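Protein chains in written order, with the UniProt record's numbering: chain A, 1 to 294; chain B, 1 to 316; chain C, 1 to 238.
Hints are computed from structural coordinates only; laboratory data are not their basis. Keep in mind the model is a prediction, meaning the values are calculated, not measured. Honestly, I wouldn't trust all of these hints.
[To be verified] If the Cβ cut is set under 10 Å, some of the chain C residues that face chain B in the computed set are:
hint : residue
1    : Phe74
2    : Ala75
3    : Pro109
4    : Glu232
[Stated by the list, open to error] What follows is a list of derived Cβ distance ranges for each label pair:
hint : chain 1 : residue 1 : chain 2 : residue 2 : range
5    : A       : Asp187    : B       : Val171    : 34 to 44 Å
6    : B       : Phe292    : A       : Arg189    : 14 to 24 Å
7    : C       : Arg111    : B       : Leu20     : 52 to 62 Å
8    : A       : Leu214    : B       : Met1      : 28 to 38 Å
9    : A       : Asp187    : B       : Gly200    : 19 to 29 Å
10   : A       : Leu280    : B       : Pro82     : 25 to 35 Å
11   : A       : Arg84     : C       : Arg182    : 14 to 24 Å
Heads up, the beta-carbon is just placed ideally off N, CA and C, and yes, glycines get one too.
Okay, here's what each chain looks like letter by letter:
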Amino acid sequence: MTDWVILLQNLANGVLMGGVYALVGVGLTLVFGVMRTINFAHGDFVVLGMYAAVLFNALLGFDPYLSLVIAVPVGFLTGMLVERLVLARIVDAPPESALLATLGISLIIGNAILLTVGGEPRSVQVAYASTTISIGGVHVSMVLLVAGAATVAAIAGLYALLHRTEIGRAIRATAENRLGAELVGIDTRAIHAIVFGLGTMLAVVAGVTLIPLLFATPTNMGAVFTLKAFVVTVLGGLGSVGAAIAGGIVLGVVEVLGASYLASEYREAYGLAAFLLILLFRPEGLFGRTVKRV
Amino acid sequence: MTTHLVGLGVLVVVGAVYPLVFPGALTIAIAVLLFAGWATAWDVLGGWNGQVSLGHASFVGLGAYVVAIGASHGIAPWWALPLAAVAAAVLAYGWGWTTFRLRGPYFSLSTIAVAEILRLIAINEGWLTGGATGVFIATLPEPFGIDLFSRTAQFYLALAFAAGVIATVIVVSRIRFGYQLRAVREDEEAAMAAGLDPTGVKLRAFMLSAALTAVGGGLYGMVLAFIEPHVIFSLLLSVQIALTSIIGGRGTVWGPAVGALILVGAGEAFRTTFAQANLLIYGVLILAVVLFVPRGIVGELVRRHVRRRYARRAQS
Amino acid sequence: MRDVLRAEEVTVRFGGVTAVKAVSLALGAGEILGLIGPNGAGKTTLFNAITGFAPMQAGRVTLEGRDVGTLPAFARTRLGFGRTFQTERPFEELTVLENVLVPAFLTEPRRREAERLALAVLGEVGLADRHDQPAADLNLARRRRLELAKALAVTPKVLFLDEIMAGLNPPALREMIALVRRLAERGLAVLMVEHIMQAVVELSDHVVVLASGETIAEGAPCDVMANERVIEAYLGTD
């Protein structure tokens with residue numbers, strides 16, 4: 001293979017991984033954009049999605065993607081419940097309270113899974129897991145393509161919700177200015193619950209989408225996903241939903257290129273370093289204009 | 001002040017006789033003392049100065065590695081521990097200098113990222129750290145014929161560490177530096193109006209906190225005798241240290257130590273029930289604290305006490 | 001000799017908006033300068049630029065002839081700027097005494113001496129009997145006094161007061177006016193942003209009127225109050 005084919009292959013891998021990262025990140029971005037809450041449990045909701053797919057496959061023989069039918073509404077309701085029971089009570093507390101509360105939720109979810117199903121890695125075997133499509137010498141994984149499609153669908157759906165519906169208008173108004181939204185009669189408490197429900201739902205969708213690709217483990221994995229989601233959010237621009245795609249792709253490409261051309265064992269570190277640099281020097285993100293946009 | 005000194009006295013006296021009374025329960029006591037020391041050291045930055053770090057495992061790891069690598073080169077722990085403290089302070093200086101422009105939760109996020117990068121370095125730079133498999137401490141010197149691998153000796157070292165860190169905080173809480181820490185925590189602009197350089201104050205807090213944590217890390221290294229980078233540098237250890245302090249009561253002298261007693265104790269009590277899921281307790285308790293007692297257990301008691309005392313005086 | 005504080009041609013811009021346009025003022029020891037103007041005139045912005053809490057795009061600030069215009073706020077404090085904030089900003093979790101200890105430690109690093117200084121300042125503003133009260137529990141008038149005490153405890157040469165009289169009831173207002181007068185008599189240079197005209201007229205040796213970021217009048221209080229442009233600026237032109 002010539003150098004540029006390798007480069008193309010790397011870029012394709014990076015972009016596809018980026019699609020997955022974007023899917024993991026978009027829910028966190030939405031929650032942050034509207035609620036200013038740093039949701040530490042986001043990655044654990046992703047893991048919960050993975051286990052949901054494992055469970056439905058084991059019990060009902062569902063294809064992972066079919067389990068979305070149940071996982072999506074359950075994820076949405078779980079998120080709303082968590083918001084109502086926990087976050088709504090500390091909406092006026094200092095911002096780190098929400099970080100600590102969601103950190104607590106994260107520990108509870110991870111360890112509850114560990115207690116109920118044990119620590120051994122689980123996955124769902126599907127026939128198409130190792131299928132690849134070849135385009136001009138560049139191999140593309142089927143599962144990653146599906147994940148990429150899921151990302152695009154999820155974000156397009158979210159975009160349509162935010163920009164084409166009444167509730168979306170209310171969400172954007174709440175993000176822009178909570179007090180102002182209250183003054184024009186928007187129930188921002190309900191909006192917060194809906195937004196957290198959506199964020200959780202997106203995390204669960206990401207988890208289900210990823211299960212053919214990854215083994216689920218209860219405790220550490222959530223933190224890893226949360227971290228990735230933060231990186232995506234910060235790279236794209238804090239609170240900008242569309243930019244989550246860009247953030248995810250940047251992260252995927254940075255990691256893949258760093259791993260191939262620098263030292264592969266530092267793959268994770270490249271994304272983290274990019275994250276730190278953006279946080280320090282361009283907190284509005286690579287693509288965000290202001291911190292407030294959704 | 002006198003209350004704190006009495007408390008410190010009680011800790012030292014109880015500690016001194018503990019190995020004679022409970023010779024079979026030294027390991028758990030060492031864990032309590034190490035966590036008490038770490039959480040108290042964390043609190044210098046996280047509680048007194050209000051900068052919540054989720055990366056303190058880096059300093060635990062640094063301390064453990066300096067002692068372990070030192071031991072393999074014939075450097076005794078009593079030289080390696082101060083060296084670890086200095087190295088941690090230097091690391092904290094560079095770390096804080098880069099990230100203290102971030103406030104609140106953003107600073108916390110950045111500490112996770114820095115700590116993760118440091119963990120990757122520890123895992124991958126085998127020439128420095130023994131790589132992902134870890135390093136053994138095979139031999140330690142025997143000062144005055146004391147076996148530093150014995151649990152009793154390690155218990156007293158851990159006791160000295162915890163008591164030393166708490167004593168440091170008692171002093172700090174009384175002197176100028178302690179008030180600078182709190183002023184910056186409360187309001188950085190108002191602190192500037194009082195002539196304080198907030199970044200400078202935060203840097204000094206971070207350096208002190210890191211140095212103290214690293215000393216405990218060095219002792220931990222001796223206790224473990226085998227150091228694995230993904231364990232000692234883990235995000236979970238950082239989270240445990242921070243939550244111990246926050247649950248016990250940030251910005252109080254005894255809160256972190258009480259937190260350590262409760263959390264390590266509870267972890268031990270529920271070990272059979274929860275097995276390795278004992279972090280569940282941290283999750284439940286931090287949630288309870290955030291929702292119902294935001295100042296933490298000791299913080300809430302102190303606040304009630306202060307209010308009551310003032311109300312009584314105002315009446316008379 | 002009005003040379004303790006000099007601000008020359010101070011200009012502050014936020015994005016495309018010029019909030020303060022080339023404003024100059026000077027202040028001598030024992031003198032009180034009142035800075036007045038309608039809401040949004042740029043008073044607090046000017047005040048923040050001089051004390052180092054807002055960036056200044058052009059101009060010079062000198063303290064006793066020394067250029068301090070590029071120093072960070074805390075360094076200006078150490079050289080002799082004491083300021084209050086329009087909305088009081090006590091260190092809520094500390095007691096009244098501890099609040100004042102923080103700035104007192106600047107000149108007295110040892111606790112015993114710092115405490116003596118802090119108590120003396122608290123005596124001066126009439127809060128000595130409240131010294132062990134949590135700052136969060138103070139009422140408005142006492143929070144104002146605490147704010148003033150914190151500014152005084154840096155042992156300043158220039159005292160910057162940002163609407164320290166606002167919202168006080170008549171007796172508290174009279175006390176505050178008397179207090180500021182005593183401080184000036186002690187030799188402090190005082191720059192005060194103020195809306196309460198009674199305080200401005202009774203206290204100021206000199207008044208500067210700002211409107212839309214520019215000086216539109218200055219002089220003795222009663223002359224300035226009679227100035228047509230000032231009346232216009234306050235009441236509108238139409």
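Each hint tested on the structure:
1. The interface hint given for Phe74 of chain C holds, since its Cβ lies 4 Å from the closest Cβ of chain B, which is under the 10 Å cut-off.
2. At a threshold of 10 Å, the smallest CB-CB gap from Ala75 of chain C to chain B is about 8 Å, leaving the interface hint in force.
3. With a least beta-carbon distance of about 6 Å to chain B, the hint placing Pro109 of chain C at the interface is held under the 10 Å criterion.
4. For Glu232 of chain C, the shortest C-beta to C-beta distance to chain B is roughly 35 Å, which exceeds 10 Å, and the interface hint is violated.
5. Taking the beta carbon of each, Asp187 of chain A and Val171 of chain B are about 52 Å apart, not inside 34 to 44 Å as hinted.
6. Checked against the given bound of 14 to 24 Å, the beta carbons of Phe292 of chain B and Arg189 of chain A, roughly 20 Å apart, stay inside it.
7. Range check, Arg111 of chain C to Leu20 of chain B: Cβ separation about 39 Å, and the 52 to 62 Å hint is violated.
8. Checked against the given bound of 28 to 38 Å, the beta carbons of Leu214 of chain A and Met1 of chain B, roughly 55 Å apart, lie outside it.
9. Evaluation of the 19 to 29 Å hint for Asp187 of chain A and Gly200 of chain B yields a failure: the beta carbon distance comes to about 45 Å.
10. Roughly 32 Å separates the CB atoms of Leu280 of chain A and Pro82 of chain B, a value that falls within the hinted 25 to 35 Å.
11. For the hinted restraint 14 to 24 Å between Arg84 of chain A and Arg182 of chain C, the CB-CB distance of approximately 56 Å leaves it violated.
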